[in-house]
Each structure stands twice: as structure tokens, then as C-alpha cells.
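A.B. asks: Start from the sequences and build out the full structure, keeping to the hints where you can.
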Amino acid sequence: MSFVKWKRVFRLLLKDKLGLIGFALMAFFIVVAIFAPFIITHDPQAQHYSDNGDLLNMAKPSSEHYFGTTNMGRDIFSQVVAGTRVALVVGLTCAVMVTIIGTVIALVAGYFGKWVDDLLMRITDIVYGIPFLPFAMIMVAVLGPSIWNIIIAIVLISWRTTTRVIRSEVLSIKQRTFIQAAKLNGAGSFRIIFRHIAPNIIPLSLVFGSLAMGWAIITEASISFLGYGDPLLVSWGKILFDAYIAHAITEAWWWVIPPGLSITLLVMSGFFVSRSLEEILNPRLSR
Amino acid sequence: MVSFIFKRLIQTIITLYILITLLFFMFRILPGDPTTMFVDAALPLEAREAVLEQFGLDKPLHEQYWLYMKNFVQGDFGISFNSREPVVDLIGHYLMPTIFLMGSTILLALVIAIILGAVTAWYRGSKFEAIAVSVALFFRSAPIFWIGMVALAFLSHQLNLFPIGGMHEPGQGSNGFFETYFTLEFLHHLILPSIVGAAYYVASPMLVMRSSMIEIMDEDFIELNRAKGLSEKAILFKHAVRNALLPVVTEIALIVGFAIGGQVLLEVVFNWPGIGRLIVDSISRNDYPVAQATFFLMGVIVIFLNLIADILYGYLDPRVTYKKG
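Chains A and B, in that order, give the protein sequences.
Numbering that gives the first Met the number 0 numbers the first residue of the first sequence as 0 and each following residue consecutively.
Numbering that gives the first Met the number 0 numbers the first residue of the second sequence as 0 and each following residue consecutively.
Calculated from the structure, these hints are not laboratory results.
Worth double-checking, as some hints may not be accurate.
Which bits of chain A does chain B cover? Going by a derived footprint, with three or more residues having C-beta under 8 Å, they are [unchecked claim]:
1. 125-132
2. 135-143
3. 224-232
4. 241-255
5. 262-269
As the structure is a prediction and not an experimental result, all values here were calculated from the model.
Glycine included, every Cβ here is placed at the ideal spot set by N, Cα and C.
C.D. replies: Below, the structure written as C-alpha cells:
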């Protein structure tokens, strides 16, 4: 049953232009991230000097430095390529963790109902009351700026959306006859949840997974921009932070445009992918 | 209905209580010596001890918690390490600019969202729809601080159309409420950050409006109006838009809650003297009482807007029953 379903998904996907663009963009960034060490032209942290020995302070894009240099003489092209890896690691790690945590909580709450559901949903409400970015910023400021602390802070909050949406889906699937049939056949709760309900909500989980990826990437960039990025890594948000501190917006557009555009395109690819998955799931919207 | 609101109110109070408790532990249990985080290291020893005593940091944890709760309930958030002002006064000072900027951002976003949502639904399947949705999603995907930087670079630095940030020119606008917020000069400073913020927030209410319109347009009364010979324009604005607005109203409260994070970044990039910049500055200065109180205030705003969104949702859509709360 699920194989036929997936075949339909791919057929519909081929018709959806924005969805295709989304998948293509994401594939592009994944390839860049995997082969980053071979694509970079310089060490992202190395400082470069001109022929007469001056530091290359915000040099314009050239055949040597494709995106120019920073005020410290660092190669921006190599920094942006290296940043792709950080963005994808943050985005995919968060997406996987958020999807698993959010889906499992939703399955347990929706399936068991009663006080279990009540308790888990009240916890979700409480997490909805926490201002996301200030929370992440304080967490990272207190725990220390490292990429893992940033990921933990993002995951601690982001599961809430997935849980809320998936839970209502679980509630409706629970009522269907095949679940009742499985129960009558003596299947245990664990088996019903993971063998019968879970496969039916995986597509919806993926929709919210790709959204979570975008959220995570934007949040990491925002935290880095506020000065709490991992000091050992070159991330897109940190490139923008450096550019902002150096007042590059007035004189070095090549320092500001590439990292920002990269964030935007990668996050947008997540939106397009999730939108096309959603239209496949909810044919009413795609008429 | 009344019992639903009552139940939600009690839940809200519990949520607030847990938020306050969470704040307590966030700053205390986490690794590192709390006294260095709480107390300005530059203070002389005696003053240090006075601060420690003021916050009860020399006492065991459960007593600290009790004192902390008591201070919170009494609205006593302590004194800023940085400016030595009471935190309540300080926040009062920074709140108004945030309300003005957030208000104008969200208003602008909604007006654009409703118009674009209606028009894209009306011309579904056209090139215009594809472009409008893509542009909205582009701005929704872009980091708000980056859009702000680019806007400042081109519109302020290159073309000199707008100020390069801040709320006033130096030496202006500190003589009272009307002189501060009701001048052309203030408006001039407000425009660019509002546009940048609106560009970021427009996508989600626009998409909500669009799908709501699509549903409405398939209903019988639209066909009926067409049969009556009403012009397409009249049907669009008089009948379809009005009926499609309901879900967008609920979306407003959710967006405002969600806008808090974006507001922080917007205020940093545009050097806007609001609570968003206050929280960033206070964290970087280890001004813990200010950071804690500002975070609490933001949480209160988010929690109450969620409550309002919930109530509105049921109030506007009679199909939602309150029984299951």
C-alpha cells in the first residue's frame, strides 16, 4: 500500500515546478557541502596580502578571490562554501531530531489520549509560550557558544509545531477501521502505534521536517549574527556578523550578499519542498 | 464558552508560573559559577555581597526560589547592573518604541497580505500568482537582519532615502510623548524598518488568506452572485474577501507572538531603542536582572497572544466546539 502511495507522490512531484526547484536547490547545497574541501580555493581563515605586502582589506571580487575578501583579508568565497556544511549539518540534525521527538510525542499523546494527552499537550502549550530566539540566545550565552549548544537550544523549542499538527492527524487515524481491526486482532499498543499509525503520518512528518530545517538554519544564523556563534566554525550567520561589525554594508556588498543569499535559497528550498509535499497530501489546495 | 475561557485562563496562569520557574533555573542551575553571571565582576567586594544578599544568592536554593517568586509577584525585578536604574523603569522606557515599530510592521504586513492573498487566489494558476507567492516566500526565507542590512546599504547609504537607523536624529525627540512619537522625523525613521519587517511577515497571513479565499470561491453564493450579474470586482471585494478574512484574524495574534524573535533582530540592525535590543545588550553585558525581566515580558506577550488567538479562533468559527478545550 505504501509503495503505491510513494509512486503517486513522485508522479505529482514531477508536475510541480516550485517543488522541483526546491529539490534541485537542496541537492545543489548538499553536493557543495559534501565536496566543500575540494571546492574552496583558500583556507577560509587564512589572511591574504597583496603583492606589495598590504593586507587585502575588503578587496573587490576578482579571479583570485571570487567573492572578494573581508576586512581581515580572508577569502569570502571559501568562507561561504565552508558555511554550507555548517548550515546543512545544523539544518539536517535539527530537522531529524525535531521530527523524531515531535512525532513520537504526538503519537503517544494522540494514541493514549486521556491524561497522557492532556499532560503532553499542556507541556506543548508551555513551550509555545517561550519566545524562541531570546530563549536560544540565553541558552547559548549561558552554556557557551558551540554549534551543539545551538542545536540543542533549537531542538528544545522546535518540536512543538510538529507535535501539535501530527497529534491531530493521529487522532483522526485512530478512528479508522483498520486500527480497530488491529486492536481486535490483539495487537499491542506499541505495535499499533509504530506499525499501523506511524507509517500513515510519515509524509506529514516530512512536511514539517523540511520546515524545521529552514527554521533551524535561520535561527543558527540569527544567533551567530547576534554574536553567539560557534567561534571555531565559519557559518553564514557569522560571516554576516563580521560584515555587520566591520560596517561592510557601506562599502563591500560582496561580503554581505553571498552568505545572505545562500541562507535564503537553502531555507526557501525547504519551503518549496514542504509546500509541494503538502499539496500532494492535501489535493484540495492543488486544484 | 465562558467555562472554556476560564479553563484557558487557568492554563495561562500555570504556563506563566512555569515560565517564571524556568527562568529561575535557566540562570542558576546551568554550569558555571552563578555569582559571576549575576554580579558585576567590577564591583568592590562589599557591593558584591550587597547584591548577592539582595538576590538572596548566599542562601540555599529553595529559599532563593521563594524570594525570587515573592519579588516577581510584587513586580520587583531588581536593579540594572549597568545603569543602576530599577529594571521596571528601564523596561518602561524601552517598551514604547517596540510597540510603535511592531504595530506598524504588523499592520503593514496584514494590509499587504490580505490584498495579495485575495488577488493571488482570484488569479489562481496565473503567472502573477506564481511570482507573488515566490517573492513572499523569498522574503519569508531570508534572514530579517540580512534584508535589513541590504535595505540600509541601498536605500539609506546609496540613495540617501532613509536614515541609517535609530529612532531620531541626535538631539531630537526626548521631550515627552507627542514630541517623540508624533513627528515627521520619527515617521521617517520608522518607515524602513517597518517595510523590512512587513516583508518578512507577509507570507504566512498571505498564504492563509489565499487558501481561505480559494475555499470561499468554491461556495455556492459566489456562483449565485455571478449569476445575478455582479461584476467580478464587486464579487471579489464585497463578498469573497469579507468572508475569507476570518482565519486571517486568528493568524494575526499568532504572528504577533511569533514576531518577537524577528523584532529582536530588526531592532539590532536598525539600532532601534526597544526591548529587543535591550535583551541583546543586557545579555552581552551580563546585566542579568534586565535580561531576566525582558525575557519574562516577551514570554507574557507571547502567552497572552496565544490565548487571544485560541479564543478568537473558536469565537469566529462556530464549528469549533469548546467542550474538548
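A.B. asks: If a hint holds in the structure, say so; if it does not, say that too.
C.D. replies: Hint by hint, here is what the structure shows:
1. 125-132: It holds, with 7 qualifying residues against the three required.
2. 135-143: holds (count 6)
3. 224-232: holds (count 3)
4. 241-255: holds (count 6)
5. 262-269: Result for this restraint: holds, n = 6.
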